[in-house]
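**Student:** Build out the structure end to end from the sequences listed, making use of the hints.
To convert, note that position 80 of the sequence shown is 80 in the numbering used here; the numbers rise steadily by one, no gaps.
Since the hints were derived computationally from the structure, they do not count as laboratory data. Glycine residues also receive a C-beta, built at the ideal position from the N, C-alpha and C atoms. Certain hints may be false.
[Stated by the list, open to error] Simulated restraints on C-beta separations:
| # | residue 1 | residue 2 | range |
| --- | --- | --- | --- |
| 1 | Asp-159 | Pro-57 | 19 to 27 Å |
| 2 | Asn-98 | His-160 | 27 to 35 Å |
| 3 | Lys-107 | Glu-141 | 41 to 49 Å |
| 4 | His-113 | Phe-173 | 34 to 42 Å |
| 5 | His-118 | Ile-140 | 46 to 54 Å |
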Amino acid sequence: MKFNVIRIQSYLTFPCIGLLILASMLFPAKAEEHNSYPKHIMGVIGGVTVGDNETRPIYGAEYELRVNNSLGIGASVERISNMATVGILALYAHPMENLRLSCGIGKEWADSHSEISHGETHIIPSHSETVYRVGFAYDIEVNENIAIAPTYNLDFIDDHNSSVFGLVLQTHF
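**Tutor:** Given below as structure tokens:
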């Protein structure tokens with residue numbers, strides 16, 4: 001029996017978004033003052049992605065627009081070594097002051113490359129695949145405008161999964 005990742009992705013998308021919204025309503029982040037949360041969060045990402053028995057370095061950028069104290073929307077773009085580029089649109093929940101939960105959808109654009117299988121070289125053409133992502137990060141404040149956020153994301157990409165471990169250096173205003 002073949003494991004159907006596409007069906008799992010379909011079943012995860014709407015419940016994940018619903019859980020993020022529910023978490024933001026049930027556990028609103030406590031702000032010291034009204035509207036004291038940062039409205040814009042921008043960061044640079046460095047880390048590794050682990051999937052298909054390979055570990056590859058990644059780098060990229062992210063942006064979040066806080067809609068209110070406990071909910072945000074945003075996007076990220078990551079480059080996986082010299083293999084692929086991933087773009088994600090995400091919904092963020094902030095159930096506690098420094099905790100960020102995310103759920104998103106996007107694309108992975110894989111570069112063409114060659115693979116050796118059974119002694120033969122095969123050219124794999126460039127292609128794109130849909131990516132579903134869930135993740136979390138914890139913002140560690142360095143000062144009032146800068147934070148470092150250890151991050152973990154789980155990507156569901158067509159017929160495989162990847163774990164993305166990263167460190168985000170972010171500024172917020």
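**Student:** Would you mind marking each hint as holding or not holding in the structure?
**Tutor:** Here is how each hint holds up against the structure:
1. About 23 Å separates the C-beta atoms of Asp-159 and Pro-57, a value consistent with the hinted range of 19 to 27 Å.
2. Between Asn-98 and His-160 the beta carbons are some 31 Å apart, a value that agrees with the proposed interval 27 to 35 Å.
3. At roughly 33 Å, the beta carbons of Lys-107 and Glu-141 sit outside the given window of 41 to 49 Å.
4. For the pair His-113 and Phe-173, the beta carbons lie near 40 Å from each other, so the given range of 34 to 42 Å is met.
5. Hint check: His-118 to Ile-140, Cβ distance near 48 Å, so the stated range 46 to 54 Å holds.
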